[in-house]
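Start counting the sequence shown at 1; every next residue gets the next number (full-length UniProt numbering).
Hints were generated in silico from the structure; no laboratory data involved.
You may find that some hints are simply not true.
[As the list claims (entries may be wrong)] Per label pair, the in silico range of CB-to-CB distance:
hint	residue 1	residue 2	range
1	Ala249	Ala26	42 to 50 Å
2	Arg124	Leu179	46 to 54 Å
3	Lys81	Arg48	42 to 50 Å
4	Lys52	Glu309	57 to 65 Å
5	Glu151	Ala279	36 to 44 Å
[Claimed, not checked] Taking lysine to any residue pairs in the SDA-like style, the calculated list, with each CA pair at most 20 Å apart, reads:
hint	residue 1	residue 2
6	Lys45	Pro30
7	Lys335	Ala205
8	Lys45	Arg27
9	Lys257	Asn209
10	Lys52	Arg33
11	Lys45	Val56
12	Lys52	Arg27
13	Lys50	Glu334
14	Lys339	Ala43
15	Lys50	Lys77
16	Lys339	Lys45
17	Lys335	Ala184
18	Lys262	Ala205
19	Lys193	Ala205
20	Lys193	Arg178
21	Lys262	Asp105
22	Lys50	Ile23
23	Lys45	Asp63
24	Lys335	Asp105
25	Lys52	Lys81
26	Lys335	Ala192
27	Lys77	Tyr5
28	Lys335	Arg124
29	Lys193	Phe226
30	Lys193	Met169
31	Lys257	Tyr284
32	Lys262	Ala168
The structure presented is a predicted model; accordingly, all values stated were derived computationally and were not measured.
Even glycine gets a Cβ: it sits at the ideal position worked out from N, Cα and C.
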Amino acid sequence: MAEAYDVAVVGATGAVGEAMLEILEARDFPVGRIFALASERSAGKRVRFKGKSISVGNLAEFDFAQVRIALFSAGAKVSEKFVPRAVEAGCVVIDDSAHFRQADDVPLVVPEVNPEAIAGYRTRGIIANPNCATIQMVVALKPIHDFAHVERVNVATYQAVSGSGGAAMRELADQSARLLSGQAIKQPTAYAKQIAFNALPRIDAVLDNGYTGEEMKMVWETHKLFDDRGIRINPTAVHVPVFFGHSEALHIETRDKVSAEKARELLQAAPGVTVVDTADAEGYATAVTDAANQDGVFVSRIREDISCENGLNFWVVADNVRKGAALNSVQIAEKLIEKYI
Numbered sequence: 001m002a003e004a005y006d007v008a009v010v011g012a013t014g015a016v017g018e019a020m021l022e023i024l025e026a027r028d029f030p031v032g033r034i035f036a037l038a039s040e041r042s043a044g045k046r047v048r049f050k051g052k053s054i055s056v057g058n059l060a061e062f063d064f065a066q067v068r069i070a071l072f073s074a075g076a077k078v079s080e081k082f083v084p085r086a087v088e089a090g091c092v093v094i095d096d097s098a099h100f101r102q103a104d105d106v107p108l109v110v111p112e113v114n115p116e117a118i119a120g121y122r123t124r125g126i127i128a129n130p131n132c133a134t135i136q137m138v139v140a141l142k143p144i145h146d147f148a149h150v151e152r153v154n155v156a157t158y159q160a161v162s163g164s165g166g167a168a169m170r171e172l173a174d175q176s177a178r179l180l181s182g183q184a185i186k187q188p189t190a191y192a193k194q195i196a197f198n199a200l201p202r203i204d205a206v207l208d209n210g211y212t213g214e215e216m217k218m219v220w221e222t223h224k225l226f227d228d229r230g231i232r233i234n235p236t237a238v239h240v241p242v243f244f245g246h247s248e249a250l251h252i253e254t255r256d257k258v259s260a261e262k263a264r265e266l267l268q269a270a271p272g273v274t275v276v277d278t279a280d281a282e283g284y285a286t287a288v289t290d291a292a293n294q295d296g297v298f299v300s301r302i303r304e305d306i307s308c309e310n311g312l313n314f315w316v317v318a319d320n321v322r323k324g325a326a327l328n329s330v331q332i333a334e335k336l337i338e339k340y341i
């Protein structure tokens, strides 16, 4: 019988935490005991796992010595406080927050890109999950980079409001309903401006260089994931009125020429990638019709850049809650138990 692992899911009542429980079950992860944890205000709520209703425990009172692996998705402040406690208790932590991503002694991992980096968890007992927008981009870039070395990336993101949490999703729903009923919207609170039927070209705070924190995450994390700080990355991150699923327009330059046909071939063979790219009217993937509630990274509109000799353009969509967070964490856990613990 395969070894079973006792697992804690921190942030179990949030969208990502719920997806983690669902994916652990769907992928038949060898869970012994499962512990669903959240803040005190959410403790006592019920979540489901393998057909059973589980009471959510209070994170502040939990003894992490009871589990071997902890999946954290409760925000950077929670991770800063509780991840060290979990590690001290002998637990391996896979953290979905931004808190540990740039630490030199914490591996940042996308299993389709750099699974070998998982071995670095032994230094601090922590593995970091990248930002959702970064994950789908690097999964699509990986086969091209391996074949022809990506030198420059110009990316514009079109990001779903679920990345901002439940309040943002409620705000989009409320604004949409009011506007469709001919009513005035309430003063926005989740965002600075109206999100319904709009696009907001700023995610996170603006830094000294004029880029936002969200944009710079894509730069720093891509460099770390590819172990290559020479890749030039120019991002623009935008929120759009979509509930689930991020979209990205990628314009890349490679050291060696890659035809659209070759790029399509490479992407079709890449793990985690689904190519939807024909000349038909429906021959492309979208966040809503293809990516939402799915595990794959979908790539469309693959074409050579007519403005750049070694340029390629393509469109990438993925479910930001699943592949962008929950699934990537579970995939890391699968590789961890397969080869490293």
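- Unmet hints by their number, sorted upward, for this structure: 1, 3, 5, 6, 7, 8, 9, 14, 15, 16, 17, 18, 21, 25, 26, 27, 29, 31 and 32
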